[in-house]
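Chains as they are written, first to last, in the numbering used here: chain A, 1 to 617; chain B, 1 to 102; chain C, 1 to 181; chain D, 1 to 477; chain E, 1 to 513.
Because the hints were derived from the structure by calculation, they are not lab data.
Ideal placement from N, C-alpha and C gives every residue a C-beta, glycine not left out.
Don't take each hint at face value.
Claimed, not checked - Cut-off 25 Å, straight-line C-alpha distance, at most; resulting in silico cross-link-like pairs (SDA-like, lysine to any residue):
no. : chain 1 : residue 1 : chain 2 : residue 2
1   : E       : Lys450    : A       : Arg159
2   : A       : Lys594    : B       : Asn86
3   : A       : Lys594    : D       : Thr283
4   : A       : Lys594    : D       : Ala475
5   : A       : Lys521    : A       : Arg363
6   : A       : Lys435    : A       : Trp543
Said to hold, decoys possible - One side only, chain A facing chain D, incomplete, derived with CB under 8 Å:
no. : residue
7   : Leu292
8   : His541
9   : Ile578
10  : Arg581
11  : His584
12  : Thr590
13  : Tyr598
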Amino acid sequence: MSFLLPLTFLLPLAGTLLLSLSRGRLGERASAAIGTASVGLSALATAALIAGYLEAPERQVVTLWTWVSVGDFQPTLGLALDGLSLTLLGVITGVGLLIHLFAAWYMRGESGITRFYAYMNLFVFSMVLLVLGDNLLLLFLGWEGVGLCSYLLIGYYYRTAANGWAAFKAFIVTRVGDVFLAIGLFLLFRELGTLNIAQLLERAPQLWAEGAPTVELAALLLLGGALGKSAQLPLHTWLADAMAGPTPVSALIHAATMVTAGVYLIARMHELFLLAPDVLLLTGVIGALTLLAAGFAALAQTDIKRVLAYSTMSQIGYMFLALGAGAFDAAIFHLMTHAFFKALLFLSAGAVIVSCHHEQDMRRLGGLWRKLPLAYAGFVVGGAALAALPLVTAGFYSKDEILWQALAAGHGGLLVAGLVGAFLTSIYTLRLIIKTFHGEAKSDNARHAEAGQGLAHGVPLIVLMVLSTFLGAWLTPPLAGVLPDPHEGSAGWHTALEIVASLVALGGLALAAWLFLRRRKWLAEQTSQGWGARLWRWWHHAWGFDTAYDRGLVRPYWRTVHALRSDRVDGLFGLVAIMVRMTHLGLSWTQTGKLRFYGLSMVGGATLVILVLALVR
Amino acid sequence: MNGVPLDHALVLASILFTLGLAGLMIRRNMVFVLMSLEIMLNAAGLAFIAGGTAWGQPEGQAMFLLVITLAAAEASVGLALLIQLNQRFKTLDTDAVSRMRG
Amino acid sequence: MEIAFYLSGLVAVLATLGVISNTNPVHALLYLIVSLIAVALVFFSLGAPFAGALEIIVYAGAIMVLFVFVVMMLNLGEAVVAQERAWLRPRTWLGPALLAGVLLVTLVGTLWRGDIGLVIEGETLTAKAVGTLLFGPWLLIVELAAILLLAALVTASHVGRLRPPEKPPTDRESGARKEAS
Amino acid sequence: MTYLIALLPLILVCATAVAVMLGIAWQRHHASTVLTAVVGLNLALLSLVAVHQVAPFETLLVAVDGLAIFGAVLVLVSTLACATLAHAYLEHYRGPREEFYLLLLCAAAGGLVLVSSRHMATLFFGLELLSMPLYGMLAYAFHERRSLEAGIKYLVLSAAATAFLLFGMALAYAQTGRLDLAGLTAGLGEGGGAWGLAGAGLILVGLGFKLSLVPFHLWTPDVYEGGPGPAATFLASASKVAVVIVLLRLVIESPAFAHVGVHQILAVLAFASMLIGNLLALTQANLKRLLGYSSIAHFGYLLVALVVAEGLAVETAAVYLVMYVVTTLGAFGVVTLVSSRDISGDAAALHHYRGLFWRRPYLTAVLTVALLSLAGIPFTAGFIGKFYIVALGVEAGRWWLVGGLIVGSAIGLYYYLRVMVTLYLVEPGMQRHDAPHDWGTRAGGVVVLGLAALVVLLGVYPTPIIEWAAALGVAHG
Amino acid sequence: MTLVGLIVIPFLGGLLCWLAERRGDRLPRWIALGTMALELLLTLGVWLSHDFSLPSPGGEASTWAMEWRVPWIPRFGIEVHLALDGLSLVLIALTGFLGMLAVLCSWREIVRRVGFFHLNLLWILGGVVGVFLAIDLFLFFFFWEMMLVPMYFLIALWGHSGSEGRTRIRAATKFFIYTQASGLLMLVSILGLVFAHHAATGEYSFSYDALRDVTLSEPVAMWLMLGFFIAFAVKLPVVPLHGWLPDAHAQAPTAGSVDLAGILLKTAAYGMLRFALPFFPEASQAFAPVAMALGVVGIFYGAVLACGQNDIKRLVAYTSISHMGFVLIGIYAGTSLALQGVVMLMVAHAFSAAGLFILSGQLYERLHTRDMREMGGLWGRAGGLSGFTLCFVAASLGLPGTANFLGEFMVLFGSFSVAPWTVVIASGGLVLAAVYSLLLMQRVHFGPPKDSAPLADLDGREYGMLLGLLALVLLFGLYPQPLLDTTGAAMSEVQRLFGNTELLDATLTWEAS
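So here's chain A without its partners, still in its complex pose (with noise of 0.2 Å):
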């Protein structure tokens, strides 16, 4: 079996060569197929894998060759399965499976597709190794590969200057954050020794006690890493541009795999985080906070990607409160479902937008859902479990577990701000359909939408739709001795939270149907003057954090850069050049060619001679 393993990445690196070593000679659909295939094919062999994992669930290790060796420095390019790498691994192949199979038809008539399949190969090459690396440095390799990935892919449209620099943003955002990751490994190899994940979880309880400075501060290292790939306060800001890929693109990877990375991060490495409670904490702490900061951007929107993206920032504050509470399997349970249902949404925004001709500010679309069923439905299934509606929906168990575990861990306001949360989410879901969808068609392309048809339309909504609802959520991630165990609980409490979050979850539809269709006049009016104006400015422009990145960061870099633009440094040398040649220039005027002058000198010089030899004695 342990041929499946490296499978599973070396078949999307194939597609990544083949297409990238075609030199263009391969047609549209020839592109999709290979590219679709071998995810396809990836996704069999993780198949194959969940199955053999459920059968024995082992922890098994493949290396394939020692990468470096150095000294103590062994890192190796190994890959280790466990029950956390496998949930991902399917998420990754299965959900990647149905969005390459959706980009045949998103991207169809799109110049360079197999640039495109070969991207988005590359991407799952990278996630896979990412999830499955069994040591800090080549999950560093997948790591840094998504984020190029996710720049390649961003700036897909490469022929607009701002979708160029929205991936700029993107990868040096993310690269940030990733510098914070390379500086923990670096402490943590200092300190234990070794990069491979299980020897370094083994041997930190070892060396450090609870709270200790370095578990802590390597930590939150990790923790730094973390946020600028899952796009989590303060480095949130590039997620929101990067919608300027393709939608499928935003669909896997800043929805569903590569943002959650951060969240498998901090999963992989809990024993760390556990030997470091106050940077759990602090885990839990930002993940509140972009929850909440998230939800209150995405209520200002008016794009529909840019919605989600919010949603999807907010989302991941989940996971990551849910990592703060302590409750890992909690967050990764959160994950797989928001993979989901997240997918879900994007696909159908994707579905939306091309259908209406890429028009996707929702202030030109409306009364859509007649027209675009299918995509109806998808939203509708996608933004009831975004909004967690109780019982039917995959994202009401896996998001109830999160507040349980926040309660039952006695973080009480990490509970609130769950609570405030999931009622913000439901405000903006509803929103979200209610503009897109009802009310009149305020454009001619929302006039004149055409619904996607064929397979490779229909089938990747409709099996995301069957995993956004209550079935997803009996696919239980096998987490059990990979991550500790649940907090118990009194089991009466957790009913009463789960009523309480029905109804903040009821609650929050209730009011955004009654704002949205009865009061919009009145919102309206509320949002274009005065301090409600203010406040929505704010909302929709995320907290002005990029205002204030872009004065207080980028702005002083450049200029610096134009300051130093011409090398002041060898502007320094430049003046030694120049007082050479004005020696030169006096000493040349020395050269009269007058015979009495160059007397005068020789006198002098004999001059100067014997005064000094009558001097010095």
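Knowing the structure of chain A, use the given hints to seat chains B, C, D and E on it.
This is chains B, C, D and E only, laid out in the frame that chain A set:
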């Protein structure tokens, strides 16, 4: 004390030498420049004579002889160049021969 | 004898001053001859009559006559005198003169300070002694002097030609050469 | 007999001079004159083998020892090169050509005297015998204004320098009553005495002028530029070698100048020469002037050996001299060959050399090698020379001088490279001063190519020269 | 004799090229290519036939895999002493490989005086090989300075004549003066060492082994070390002595840039590893904080300036400065991991910078400009070129999987234990690396196209070159162990000589902070 102190003779030579130098630096006319050179060589000769007589050796005078030889040779060549200068530049101004500079 | 030394020394200095400050080449030459004769007298007073005689015969005689000959040949007249006067402005000579003064002061100072107390008695050193030296150990130098004079002679005769050599090859000719190459 | 053998080179050179004179008197013939001169010089060079057998040999006036033989070789080789170059150069000269060789031989005789002089009289007369013919050689093409100008300038200033030298000798003589170097050394003793010191200073001025050390350097570029190629070559090579050798004797072998002040002055002169020489050349657009400035700097470097005056000093000076002479001969040789078409003004402006490589690759290679060697780049003789100077400076801990050398060579690189790259730039289709087409097979061409080969050879395998110089260092150190 | 062969082959090949020029343009190219291929094969042959594993445990035995010595200038104990160990072998192989690339990438670019061009090109490489093989210091210096001359010609004669006509000559001159003058400082230091040895033993020797054992007083060692350091720092280059590099790169022909970035810069790192550290271990350790600080400054300065450039080759040039900052840090950290990382990074940077310069050259051939303001939106027009640019840019920003990543991270991992704060700050450079690398992509290949006409696609030669480079970047990024094993012995020797004492008490441990 009978006789001339050596340093007095040398001072005389120095004075003549410096005068020659001054002439060299001041005059622009090539004739004067050549004359100044003769003065300087002569002053050097005087210094040799003074040294030689002070030490009671013939070497001083022998050196003087050599100096005279040189002076004669130099004068002849110098004057030949002077004539050539006058012919080509129609002047004896040494500043005229300052085409090369810089 | 000392009186003769100092007196003729004074004459030599004054005459030399005349040489370098005079505007008329012929007058300057005459001053120079006076100066040389004065120096010759100094030689006599120091006890080097052979040198003194040579000074008069060779220097004041032969060399100066050469100068006079050239000056006359070039026919340097009143124009030259005016020119010289124009050139001899204080601005021109002050700096160099000062420099020469400084050198002189330094030299004289050094001479004073380093006085080794030798006194020139005025004992006559005869031509014989000089001759013995020159044609004894210094014979080589005399031979070299011959070569030196030969060189000077050749130089003077070559440079002194008044007719310039024929024109260098014409452009046409060199152009033809270029084509051939 | 020994005496005659010891002086054989000098006698041969003088005899050749006389033969040339007689030849001129009988019938002018360029080729045979050159032949006579070259044969005579070669005989003189050969006779050095015999001289070597009798060395060291000393009389009152001359010391024919290792240093003298070394100097004589360099002087004679330089003269030979000049003679061959002059042949190429004067080929197209329409005036009388033969006198040049006569003067050249006389000057060589002066050089030979100078390198073996151990007495003020020979020093003085050797120097004059070296300079006097040079007046004629520099002004040889007197119909050309620059040549005349060069002659006049050199005459007047050199005579003034000689006057300084003589006055200095007279002062030293007055102090000690001795004229031979050994006696002078003994007479001056430790402190030197005020007159002796002043004399030493003035002698230094005289010799410094000949070596064109700052501040006695102003004449150098003008004279180099104005003088005909072969004359400038001789001035830059043989004349300087002889003067350096004599200075070496004065400072190191018989330390008549063993005084702190003198050494300090030498150090200052060296430092100033290195820097100012290089600085002056910076944007010079005339190759001959540029080489003039460069020679100022090079003698600044060389002076380090005299400043240190112990340990490796003699060896360093000897090695450096060899390297310098070979290189300079190469550089000037090319300039002379390029100018030889047309004597009305030497081809010295840089633009004459633009793109020379694409017309005369081998000639350019020679000049390139020479320039690289002057800049002290490995694979050339100049590098070995510079290596020695740095080694000496480091050994003696003369950090200022080493620093000056480094800064100087950095500045120097700028203009050497400027010239070098000009040679390779694209042909502008402008005025072409050019060597004759068959230059490579003529004597001058062969000499120049040989020199370049020697530069490279010595750069790669300097051991013979080093051993020779080391032997000198042992004998005279 | 193999070692002599390694040096002589390029020189002879160069001469042959020149002579072959009369027979047309193609022959010199093929001769040059063949020469470098031979060089590479010879090196690989040496690699296969010798054992480069760890030295004998005694440590005193010779660590050289091959050695060759004959007396040269006995007066000073100077010998032609060549020796080869893993480090030199790797760098020579690199030289051979990049030499082939340099020949290939000038196939179309150089059309004037092809023979003379290849003479210069091969002579540079010959000089570089000499530098890597010479362990007599005189010989080392000899080659060190000698290789500048052909490089000078390469830039001055075949360079791109910037905006004003003469700038390429200026650039070449600047390059030459910087390196030559600093080289003289090194000569002074070498001689200081030699005389110190002479004072101690009464013998002159320039030999590596002899000079390594000289004991020096502390200040003297410091000064001499500085002489070496400055010479190497100019070549590496270390800010603020980097001024020659952007100019030289920008004006040089592609082959020149490839050689400059790929090999010539490496001679400096090689020099530090081979000479500066082993000769002056204590002084180097005392100096290490300064050197590391300079490395950090270089990382940031190079990166910031790279962001400000409009000329694509200047941008790449400044990135080299930034990368060499990591090398400097690694060298002075002195742990074996960091040192191995340095080797890795050197090799990796050679590939990635060569790739980027070749790409710039190809862009220039197609667009006749290097100004990025004139580019933009090339992705659709330039075919495979953009894809390759992406790959090399990724390598340049240190994307895992590429050799650059391993190099940088091994340096950082290795240095972290001795200088954590330096590493932390230097890691910030990783972000800036991403900034300048992606900026290049953004400005050249993204954005609205200036013109819709497609450019000529890569032909087989170009494609092959780039693919080969890329394959090597990835190979060494994923399976570097053969390389590391080859240099392991040499690096542990350096580490033994330099790094065994406790470094930098001043560096704060985490507990203390």
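For each hint, the structure was consulted:
| no. | hint | verdict |
| --- | --- | --- |
| 1 | E:Lys450 with A:Arg159 | holds (10 Å) |
| 2 | A:Lys594 with B:Asn86 | holds (17 Å) |
| 3 | A:Lys594 with D:Thr283 | holds (21 Å) |
| 4 | A:Lys594 with D:Ala475 | violated (44 Å) |
| 5 | A:Lys521 with A:Arg363 | holds (14 Å) |
| 6 | A:Lys435 with A:Trp543 | holds (23 Å) |
| 7 | Leu292 | violated (65 Å) |
| 8 | His541 | violated (57 Å) |
| 9 | Ile578 | violated (12 Å) |
| 10 | Arg581 | holds (7 Å) |
| 11 | His584 | holds (4 Å) |
| 12 | Thr590 | holds (7 Å) |
| 13 | Tyr598 | holds (4 Å) |
Hints 4, 7, 8 and 9 from the earlier list are contradicted by this structure; the remaining hints agree with it.
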